[in-house]
Amino acid sequence: MTLVAPASALLQAAIEAAGEGMLLCDAAGHTVLLANAEARRLVPGARLGHPVTGPFPDPGADSFRCEFEGRSLAGTRRDLDGAHYAWFIRDETEQARRIAHSEFLAEVGWRLSTSLHVGRVMRTVVELAVQHLADTAMVVLPPHRRRSTWTRLLPRRAVEEGTLPERLLGDVPGLIESLDGFPPIPSRWLDPAQAPGWLLPAELGPVGAMLVTPLPGNAEPAGALILARHGAAAVFGEEDEALARVFAARAGAAIAAATLYHEQSETAAILKAGLLPPDLPVIDGVELAGSHHLHIGGDFYDVFGPAGDDTDTVIALGDVCGTGPEAAVLTGQVRQTLRVLRLVRAEPAAMLRVLNDVLLGSGRRSRFVTMVVGAVRRVEHGRIRLELATGGHPGPLVLRADGTVEEVAAKGTLIGVMPLTDIQPATVELGPGELCLLYSDGLTEARGGPAGREHFGEDRLHRALADCAGMPAAAVVERLSQIASDWLRGGQSDDIAMLAVRAPARTPLSLRGGGVPEESPFLIAARRGDRRSRARS
Amino acid sequence: MTAPARPAPPIDSWLTERYLALVSDSDEAGAIELVGELHDRGVPAERIIVDLIGATQRRIGELWAANEWTVAREHAATAVSERALAAVAAHPTGRASRGRITLACVDGEWHGLPARMLAELLRLDGWRVDFLGASVPGRHLITHLHQTGPDAVALSCTIPTRLPRAHAAITACRATGVPVIAGGRGFGPGGRYAARMGAHAWADSGETAVARLATAWPSRPVTDLPRLGDEEYTFLVRSRPELIATAMGRLIGAYPAAHDYSAAQTESTVEDMGHIVDFLAAAIYVGEQEIFTDFTEWTTGVLTARGVPPVALRTGLRLIRDQLIDFPAAVATLDAAMIL
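Protein sequences appear in the order of chains A and B. Each number in this note's numbering corresponds to the 1-based position in the first sequence with 3 added. Take the second sequence: its position 83, counted from the start at 1, is 73 in this note's numbering, and no numbers get skipped.
Note that these hints are calculated values from the structure, not bench results. Hints are supplied without guarantee of correctness; some may be wrong.
[Said to hold, decoys possible] If you want the ones that stay clear, here's a sample from chain B, every Cβ over 10 Å from chain A, calculated:
id, residue
1, Arg48
2, His65
3, Ser87
4, Gly102
5, Asp115
6, Arg182
7, Asp194
8, Ala235
9, Ile242
10, Arg296
11, Leu314
[As the list claims (entries may be wrong)] Residues from chain B shown here face chain A by an in silico Cβ test under 10 Å; the list is partial:
id, residue
12, Ala62
13, Thr133
14, Pro140
15, Arg230
16, Pro231
17, Met263
18, Asp268
Predicted model, so just to flag it, every value in this text is computed and none were measured. Every residue, glycine too, gets a C-beta built ideally from N, C-alpha and C.
Let's have the full structure, built from the sequences with the hints guiding it.
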């Protein structure tokens, strides 16, 4: 092995002045002939006269990029004169860190912007924190009614959620301060050993460092983020703390937005609850079915089941003028008025007359409604009698057992326009399996079809209903909804209200058409067994 | 004191025949009594749902396709099965231990029973289930997701013409950060189109959906946001009314038998033309000719069962094709169907 002549002092000085690490090697023995200070800093094992060791790839490769002793290094090999080559080594640690940070923050940006659900956002926050900032992460929300909601992710576990009493918050150093919105306390001042078991279970082993960061929200803190690194020697550096603060600012904004959405949608849900179609009561001897996904404001229906000694069921379906919140409020008033009138046992026609007075008396113009009100009563032989009154509304349709469709002859003027109303109620009777359909004109006026502009129309409705003979009420409403939706070709179908009343079909008494097989020997035996065990118990 | 243990009866052909007879008679009380009795005898609810109610539902579909049942009868039987399913579901299940899931049928998808059966199977498996019903408008679904924050969404689509809507719903669900499992024949053989639309998983039956959701859910992070549909799709959807009107105007010239059609026959021919355009649009949207050729094959079977000769469908295809000569994907798809 031969060493080249010692470099001149000037050459040595030039090499030392270079920003990159430089390592001059001989091509035969791959030993280090010359190294500047930067090269010695980045590759401490490179010693003059010794073979090249360190992050370098096998002979033949001309470049590398890797993690080496805590740094990100990149190097390029250049042949110098055939017998010598040099490695030029760059420290890219800082650059890699910046790229990682911006990639992390980009991921934080899109993942936190996706959900408006508080629980989901909290889950995303701890997942992101564990992927990039710490071994364990926990989000704690400010106490509400003396309890704090939390979400936690421990190493190698699934996300956990729960609540804890407010008094326990003081167990974690710095947590109450963070929840009050004070600036974060540097990690080195927090002793992880003081962390309670509910935060960091003992089986996780020693925790080297803990960081508690406030999550800033809308004018008030949205919560606090607790991070921990495991292993006795773990620390949070200044840069880690700075990144955690940037992350916390975004996480806090996302949690605050979701909290706001939750509060507003909860308020809206309470207001809407009185406006949505009701859950239909189950009434012996009367089948009821209504359309779903009704848009709020506009069309509505309601059913008031038998109350006290009043065995009638009152049904109503209508269409208030206008749309949006104003229509919704009017709908609510109409339904409330009907509820009251039903308690004083008003007849359908009387209900409409009173409603007319109520709307006129409200002193506001153009608050009118078209509607059908009916009183449903069971009569003998499984039949149902309906007394129906309409005010400016399409007449209900009756589907007879043989598939005939009739329009009920009730007549009446618009409700809420004229001081005097002309209402002529009608009575229909339904035999077993027969059905009466109340609907809004959204159904017949649905625009669509093959040409895209045609009204669905009454003829089509009559034909579609005739095809439904024998179907249960729910199936009829669903089938008509489907036909209307197909007609609209996916257009808005949520202003179509339907309510069907049916006298249940009689259960076939005989084995009709021989289609039903003989009674199973098993089931007969089973029934016998049933009786026996009941008798014994 | 307990009754002597009796082995739970297997769900055999005798039971399925009996159940089919009950639903075909719209005998709701009888159907409910039968499933109640099976439940009391120790038949697991899952088996009642899958082997009795589900299997019968498939039979009913076949009976309709073979023109043995009318649509009305099919709907009535399905309504009875819904009630029988509700009766099975009324029995208490264990504690919800798995998480929360939202189930919905895609907008315009009215076959609600398969999704309802899946809802019950998931409930039995320990999920907290929100079932939103048949034909759920996209914005209702997304509002629900923001308000409840479920761990998964299951979307059902049995008809390929609803795939563009399904794609919109999947994309919107993913935008809220909730993983999606797709289900139903609409997503193609092996659920091929589900992956193309960005769903995280697909299941061909209720039981496989339950198994899929029970293990390592969600499996893979999906990050690509697929873009589907192109200007041919847009054209087909926009000009649907004109395509149908023109085809109907030329029908008698191309198919003289149509001269004697009754109003009802004409109306159903208009509907069939609409189906041709809709399935064609779906095939173009997804980029799969098979969606269209499957449709024509199936329609040929259905029409044959109703005494309509195959040439009628072929005439319809040609009348639509003649109007689309500037659209290579549409022409290629129609040609592929006419070779069959």
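Hint check:
Chain A leaves arginine 48 of chain B outside its interface by the beta-carbon criterion, the shortest separation being 18 Å against a cut-off of 10 Å. The claim that histidine 65 of chain B lies off the interface is violated: its Cβ sits roughly 5 Å from the closest Cβ of chain A, which falls inside the 10 Å cut-off. Residue-level check passed: serine 87 of chain B sits 12 Å from the nearest beta carbon of chain A, beyond 10 Å. The beta carbon of glycine 102 of chain B is not kept farther than 10 Å from every beta carbon of chain A, the shortest such distance being approximately 8 Å.
Once the 10 Å rule is applied to beta carbons, aspartate 115 of chain B is consistent with being away from chain A; the minimum gap is 17 Å. Every Cβ of chain A is farther than 10 Å from the Cβ of arginine 182 of chain B; the closest lies at roughly 23 Å, confirming the non-interface assignment. At roughly 24 Å, the least C-beta separation between aspartate 194 of chain B and chain A is larger than 10 Å, which holds for a residue marked as non-interface. Alanine 235 of chain B, annotated as away from the interface, has a beta carbon of chain A within 10 Å; the closest lies near 6 Å.
Even its closest Cβ contact with chain A, about 17 Å, leaves isoleucine 242 of chain B beyond 10 Å, as expected for a residue assigned away from the interface. Distance check on arginine 296 of chain B: its Cβ is at least 16 Å (rounded) from any Cβ of chain A, clearing the 10 Å threshold; non-interface status holds. With a cut of 10 Å on Cβ distances, leucine 314 of chain B stays outside the contact zone with chain A, its closest approach being about 17 Å. The interface hint given for alanine 62 of chain B holds, since its Cβ lies 5 Å from the closest Cβ of chain A, which is under the 10 Å cut-off.
Below 10 Å, beta-carbon pairs count as interface contacts, and threonine 133 of chain B has one with chain A at about 8 Å; its hint therefore holds. Of the supplied interface hints, the one on proline 140 of chain B holds, with its beta-carbon coming within about 9 Å of a beta-carbon of chain A, less than 10 Å. Taking 10 Å as the C-beta cut-off, the interface hint given for arginine 230 of chain B holds, the closest approach to chain A being about 7 Å. Hint on proline 231 of chain B holds. Least Cβ distance to chain A is approximately 4 Å, under the 10 Å limit.
The criterion of a C-beta within 10 Å of any C-beta in chain A is met by methionine 263 of chain B, whose closest approach is roughly 7 Å, and the hint holds. The interface hint given for aspartate 268 of chain B is met, as the beta carbon of that residue sits about 8 Å from the closest beta carbon of chain A, less than 10 Å.
Comparing the model with each numbered hint stated earlier shows that hints 2, 4 and 8 do not hold.
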